[in-house]
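Chemist: Each chain, letter by letter, is given below.
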Amino acid sequence: MRSYFSRKLVTYGLTFFVAVTIDWAIPRLMPGNPIQGLIARMTLPPGASQAVTAYYEKVYGLNQPIWHQYLSFWTGLIHGNLGQSIYVVGSPVSSVIAQALPYTLGLLVPAILLGWYAGNKVGAMAARRKVLDNTVLPAGYLLTATPYMWLALLLAWVFGSVLRILPLAGGSTFGMPPSFSWPFIESLLQHWFLPFASLFLVGFGGWAIGMRNVIIYELEADYAHYLEALGAPQRLIRRYAFRNAMLPQITGLALAIGAVVAGALVTEIVFAYPGLGSLVFNAILNSDYFLLQGIFLFIIIGVLIANFVVDVVYVLVDPRTRIGMQGGRT
Amino acid sequence: MSIFKRRRGWAGVGAVAVAAVALLSTGGASAQQTPLAANYPRSQTLYTSGTQYGPPSNWNPMVTGNYATGTIGLLYETLFLYNPLNNQFTPWLAKSGSFTSSTVYTLTLRPGLAWSDGQPLTAADVVYTIDLGQYTAVPYHNIWTYLKSVTEVNTTTVSLAFKSTPNYQEWANFLYTYPILPKHIWQSRSLTDIITGTNPNPIGSGPYLYLAHDQTTMVWQRNPNWWGIKALNLKMAPKYIVDVANQSNNVALSLLLQDQLDLSNNFLPGIASLVGGIGGYPITTYYPKAPYMLSANTAWLVMNLKRTPLNDPVFRRALAFAMDIPAVVRSDYNYIVKGSNPTGMLPTWSQYVDQTLVKSLGFSYNPSKANQMLKSAGYKFGSNGMVETKSGKPINLSLIVPQGWSDWMAGIQILAQGAAKAGIQITPSFPAYNSLVAQRNSGNFDLVINNDQQISNTPWSYYQWMFGLPILKTQSYRNYGRYNNPTAWSLVQQLDRTPVTDTAGMKSAIAKLQQIQLSQMPVIPLWYNGMWAQYNTTTWSNWPSSSTYQTVPTLWRGYPNMGSVYMLAKIKPVKAG
Amino acid sequence: MSLLVDDLHVHYRTLSGDVQAVDGVSFGIADGEIMGLAGESGCGKSTLGNSLIALTGRMRYVAGTVELDGEELPIGVPDKMVPYRFRSVSLIPQYAMSALNPTRKIGKLTTELLRSRHVDPRAVLPEMVRRLELVQLSSDILDRYPIELSGGMKQRTVMVLSTLLNPSLLIADEITSALDVSTQKAVAEMLVEFRTRGFVKSMIVITHDLSILYQIADTIMIMYAGMMAERASANTIVAAPRHPYTKMLIASLPETGVRFDESRLAGIQGRPPSLLGPPRGCRFRERCPVAYERCAEVPPVIEVAPGHLVACWRAG
Amino acid sequence: MPALARRPAMSTRREVLYFAVRNRKLVIGLSVVLAFVVIAVVGPFLARYSPNTIGPDVRMAPSAAHWLGTTSFGEDVFSQFVYGLQNTFVVGLLGGGIAASAGMVVGFVSGYRGGWIDEILNMITNVFLVIPTFAVLLIIAAYLTVRGVVVEAVFIGLTSWPWAARAIRAQTFSLGGREFIGIARLSGLSSWRIIFTEIAPNMASYLFMTFILLFGGAILIAATLDFIGLGPTTGGSLGLMMNRAVLWSALQFGMWWWFIPPGVAIMGVVGGLYVMNVGLDEVFNPRLRAM
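Residue numbers (numbering that gives the first Met the number 0), protein chains in the order written: chain A, 0 to 329; chain B, 0 to 576; chain C, 0 to 315; chain D, 0 to 290.
Because the hints were derived from the structure by calculation, they are not lab data. Don't take each hint at face value.
[Stated by the list, open to error] Straight-line alpha carbon distances no greater than 16 Å define the calculated EDC-like cross-link-like pairs of lysine to aspartate or glutamate that follow:
#: 1; chain 1: D; residue 1: 24; chain 2: A; residue 2: 132
#: 2; chain 1: A; residue 1: 57; chain 2: B; residue 2: 130
#: 3; chain 1: B; residue 1: 147; chain 2: B; residue 2: 130
#: 4; chain 1: A; residue 1: 7; chain 2: D; residue 2: 118
#: 5; chain 1: C; residue 1: 79; chain 2: C; residue 2: 66
[To be verified] Reference listing, derived: stretches of chain A covered by chain D, where coverage requires no fewer than 3 residues with Cβ under 8 Å from a Cβ of chain D:
#: 6; segment: 58-71
#: 7; segment: 185-199
#: 8; segment: 264-271
#: 9; segment: 274-288
[As the list claims (entries may be wrong)] Okay, the calculated beta carbon distance ranges per label pair:
#: 10; chain 1: B; residue 1: 441; chain 2: D; residue 2: 55; range: 23 to 33 Å
#: 11; chain 1: C; residue 1: 68; chain 2: D; residue 2: 23; range: 23 to 33 Å
#: 12; chain 1: A; residue 1: 254; chain 2: D; residue 2: 284; range: 47 to 57 Å
#: 13; chain 1: D; residue 1: 23; chain 2: C; residue 2: 289; range: 25 to 35 Å
#: 14; chain 1: D; residue 1: 26; chain 2: C; residue 2: 142; range: 14 to 24 Å
#: 15; chain 1: B; residue 1: 134; chain 2: A; residue 2: 97; range: 30 to 40 Å
#: 16; chain 1: B; residue 1: 187; chain 2: A; residue 2: 97; range: 42 to 52 Å
#: 17; chain 1: B; residue 1: 279; chain 2: A; residue 2: 179; range: 31 to 41 Å
#: 18; chain 1: A; residue 1: 221; chain 2: D; residue 2: 185; range: 28 to 38 Å
#: 19; chain 1: A; residue 1: 97; chain 2: B; residue 2: 160; range: 29 to 39 Å
#: 20; chain 1: C; residue 1: 213; chain 2: A; residue 2: 221; range: 23 to 33 Å
#: 21; chain 1: D; residue 1: 26; chain 2: C; residue 2: 6; range: 40 to 50 Å
We put the CB at the ideal spot given by N, CA and C, even for glycine.
Input sequences plus hints: build the corresponding full structure.
Modeler: The structure is reproduced here in structure tokens:
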């Protein structure tokens, strides 16, 4: 078991290193200079613009040779310093992200987990009931084939524009200072609901179908037939099938996280939700290297942690891998 | 493992479903009520948006393109205000200011000015602020190219000596553009901090105080001790101003329609069809009919004069005739903007337009004429009907605007279609803003649209942008097309040194510049971008309009000191609160 | 007689129509008898075996009766069969290696299975431990997952599990085909031991492997194309077969006759007929060296000697 | 074993065909996809306006003159729709094709060769799986000034192969242990030959299904990129239609005809592909066939 995890940790470590390096490099390989853009918005007279450029390059360390920037990036990272944002001028990247992160996590974590959970439940139910199968299956296919933002658009249109019962944009009512008061929490929940629903529904559809299909495979497995021959009731067989079908679904969860993150990014843009998605979008438009790096770092760490958790859960749930790791016979 | 236990799981899902239903039912009720009651009383709060496209993070007036909405105007104040709608300078922090000799300007401050921390605002602050400009990286460094010295005569009087004939136009511009800073706070700061710092917890002199901010909002609170209450008998109407940062105009439109915004300074596509009660929305604008909006600046087609065939004035003039501006005004903007005068002069500067020149050298969309001009100039045309160079190489001009600037993105597609009718092939493309800046500044482009120069006290600002010399390797500020005409540049400088009161002198210099501009066509004026302002009259009324009072209706950077601070005093709450 | 099968017809549904996989088979098995069931692939032997316990998806009961210990088994009605399964009729499947749920420990699986059949596991588990020891498995395996066991161990576990409730009839379907020769022998001997100890009353052992049957079976039934060809004591089948097919089958084996799989049967010309619409008369006719005009009629099953049944005109 | 197994008359190919035409999921999925293909192919001949020509009738609801109404600029939504649909198929085929090829190469080599090659390829696959490739796509897209549909498809293809590689690796791995591969190996055939003549044909159905999933995936990714405004700058697309509909406040003005059709088409095509895929699974996998 230890060797398994140390091996995993090495993989994760290497992946982290490579991924972060790529995310560091890509913005810098692209044309355009963030400082130039910043200065351009200031419309400064010629002399001033050069001098100000020099100041900002120094502030952001962009006057250093590229290898030095790379090294400083890692040293900064180790000290928990992600640098200064360019888009949100003068704010440390970490504080910019810290403001947006709760919104994104608040959307993503429930949407992923509830979507996964409910999808698997309903998928398993569909596999055993014809009526449910005939309704859940088509609905599931349509949902999982729906682009996140289009579902978001539809929900926004119906609930925000036509019925006008839910807000169309933002994370809470603009200008309402955050507090632990009921009006603020209510406002938070109202703004949260539609983006959450669009993420949840798409995920739900995919998981429901996946579960339904895997269960059908499992019900055709030898152990199911054997149990049937020994007169075991369908209830027991279904329970085993469900349990075994969960395993590929757990692995699938790890693979799906990247896609859901992408979905969250666009959904946030549709609803102008103040999470990482809107931030990424603006960081890109403003060539904000530091903010981009910082957000990526969080996404990468998030995805890695999620993957690791899934790995651990999988090991706990599937005796085959667990036994394999204990050196048991395979 | 709990994930396999059914009951608990369903209970969880059930709870979420119940919560969702509860949300939906209560959401319906509260979204229509006033959800803000608890915090900023709705009837005393002005909600606005349109300036801030990112989170407010910076209250440093030196960071000119990024400071939070209202930093200059609501918080820090200028010596004068300038109202471009009636071409009037109004003393603000200054009681008066005038040239007491040909090279000396004497400035008198109002008595009783104070900073929000209680310290008096005196001549020393003015001297400190102007002196800061000696540093190259300070945005108004250019004043020291003609300024010799600044001295404090007494606590309310400052004397400024100029090196020679003052650059009257630039100086007048400075007086209402840059604010006076509190010396007692700023003098201890490092230069880097002054140039690039965020200036949190700012101490200003203006009618509003910093109250709070978060990722999407900036909240200002009325300054009860503001000097202007007594001195100007002005009282700002809203107790709170909440500026909403948003990324998209369609979101702003939603908020405006839902009464969550009172003043939207965003470009709102299709707003024309909603103004005047269509659809029952209480939305109004400055003008009740087209163009609905005042004009804020000119959108210019900047051509790279270093490239063939754009180095040929004949080609450039033909291109001007191929710009289907009426189609842009109609289809892109639904008539909320106006096509530009051939000189590019904003409507407020119409007195400076040389009408005879415009008659002889002006242009309007005429594809067949453009085509004819190219033919008679010896340009060849390919089998597809598209113009080629005189040596028979195909011409395909790339026209760039920044990614995400939706009205321009649509606009250049319309322009490209119109130009094709004249036989000129234009390919629109949309690089990211910074990428566009890099291409533009380094001269690596064919065509780009630019509107950096805003409405101001003087057409000089337009001409120095158009003809500015010298041409550097990187043109970071002006003359992106790299038009090299020393005659024109000296005329611009001559204009600069013409006193603002000498209208005749200004006109004569400008006429000469317009002669060069229209015949050489270094840039092509397209349309006037609107001074976007949409008012929701549910909570606040008495907005600036052609029929009420003439004040610029936007809180964009630079506009409070062009008079919109008056708007804040003149609007009236619909319900007393 | 513990088992009496009378004129059983079971069809196998396919795209092109019903395959008459078991087409009128009758036989009986005495208490304590081990009957071997042999024949080429597709002769219907597995279908016959399965139909006695659980019809799978594509099998369809058509006609005939099955009586076990004097009680008729409702084999055509799956729901009604449930009470008999495991308790009266049990199965050691072909796929014994993968018959155990991979994510359950064997003990837990057994407990859950027993509970689902309303048997108190505490009453049965000590016996299970004894029987595991009998097949040389430690009781530790109850605390293990199937993946921790070798193929042979899994096989033996399934044997013990399937016979835990002392069924009257055990159907052992190709249980040795996946094992190596020495294990085969051990497993076969255990089957006999199970019978001897009374864990099962009677047994049908379905296999390709005549040599195994020779070792353990009391009687052997040879099937051909959905019908019974010959049935007799194991010695008689090997030493004195009467049906031409049996003769050829025995002859085609190497001396120490191990298995007759597809390739070895090359000795017999031709292929079995399609059971979609089988020919009238004797189904072996096409390949039979001694066929004559009479064979166009279905040959009756004749008892040529006590307990020796042959379905061939020539046998009479 | 049933007698069927011995009957050579019913060849595997015929059997697959037999089940294929009777599988409801396959038939429905394929019909939906084909219906959209027909619209994409025939549509341009029916369209009476060119997709980006501005017209005098703005914000018109669907009518006889404009079947799907007009945009804020008076462009014909139907014309944009059919051309966008064409591009959707181009992106899907090309992006899905590139991803499938990359996934196959990596998966085959990794699964067949094993050893350190496998370790390295596995690592690369993992990195790609963990990196938010969509975010990387965003950055790349943002900086490519001129982007065509083809460029977009290539980038999508190059970033969406990892899960396919992983799945194909596993399949190859299990096939590699089979007897016939061992025989091929002993006979001295080169690795590539074994992969392409022995392994790939044995996984043909699996590979085809992988391609279909990648096809649908590429369409979704492209739609997302386009929606953010980072899609093709030349030519239209369904995602771009939605992007412009949002930017120009179609939601607020109730111009549902501007943003509903593109979404329906994407959902239809991708959903059709997915349903088809399950149908194919049932056709190729005898255990799942219902009689």
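Chemist: Hints first: check each against the structure and report whether it holds.
Modeler: Against the structure, the hints:
Only pairs whose Cα atoms come within 16 Å are accepted, and residue 24 of chain D paired with residue 132 of chain A is accepted, the gap being roughly 13 Å. Proposed proximity of residue 57 of chain A and residue 130 of chain B is contradicted: the alpha carbons are some 24 Å apart, above 16 Å. Taking the CA atoms of residue 147 of chain B and residue 130 of chain B, the gap is near 10 Å; set against the 16 Å cutoff, the hint holds. This hinted pair checks out: residue 7 of chain A and residue 118 of chain D have alpha carbons roughly 13 Å apart, not beyond 16 Å.
Between residue 79 of chain C and residue 66 of chain C, the direct Cα distance comes to roughly 14 Å. Compliance with the 16 Å bound is thereby established for this hinted pair. With a cut-off of 8 Å between beta carbons, the segment 58-71 of chain A has 0 residues touching chain D; three or more are needed, and the interface restraint is violated. Judged by the Cβ-Cβ criterion of 8 Å, the segment 185-199 of chain A is not covered by chain D as claimed, because only 0 of its residues qualify and three are needed. Three residues within the 8 Å Cβ limit are the bar, and the segment 264-271 of chain A against chain D gives 4, so the coverage statement holds.
With 4 residues bearing a CB less than 8 Å from a CB of chain D, the segment 274-288 of chain A meets the requirement of three and the coverage assertion stands. Distance hint for residue 441 of chain B and residue 55 of chain D: a CB-CB separation of about 41 Å, inconsistent with the stated range 23 to 33 Å. Judged by the Cβ atoms, the range 23 to 33 Å given for residue 68 of chain C and residue 23 of chain D is violated: they are separated by roughly 45 Å. Our hint of 47 to 57 Å for residue 254 of chain A and residue 284 of chain D is violated, since their Cβ atoms are close to 22 Å apart.
In this structure, residue 23 of chain D and residue 289 of chain C break the distance hint of 25 to 35 Å, their C-beta atoms being roughly 52 Å apart. A C-beta distance of roughly 50 Å is found between residue 26 of chain D and residue 142 of chain C, which places it outside the suggested range of 14 to 24 Å. For the pair residue 134 of chain B and residue 97 of chain A, the beta carbons lie near 34 Å from each other, so the given range of 30 to 40 Å is met. The given range of 42 to 52 Å is broken by residue 187 of chain B and residue 97 of chain A, whose C-beta atoms sit roughly 29 Å from each other.
Range check, residue 279 of chain B to residue 179 of chain A: Cβ separation about 38 Å, and the 31 to 41 Å hint holds. Here the CB-CB span from residue 221 of chain A to residue 185 of chain D is close to 32 Å, well matched to the stated 28 to 38 Å. The hint said 29 to 39 Å for the Cβ distance between residue 97 of chain A and residue 160 of chain B, and at roughly 51 Å that hint is violated. For residue 213 of chain C paired with residue 221 of chain A, a C-beta distance near 29 Å keeps the hint of 23 to 33 Å intact.
Between residue 26 of chain D and residue 6 of chain C the Cβ separation comes to about 42 Å, which falls inside the hinted range of 40 to 50 Å.
Consistency with the previously given hints fails for numbers 2, 6, 7, 10, 11, 12, 13, 14, 16 and 19, ordered from lowest to highest.
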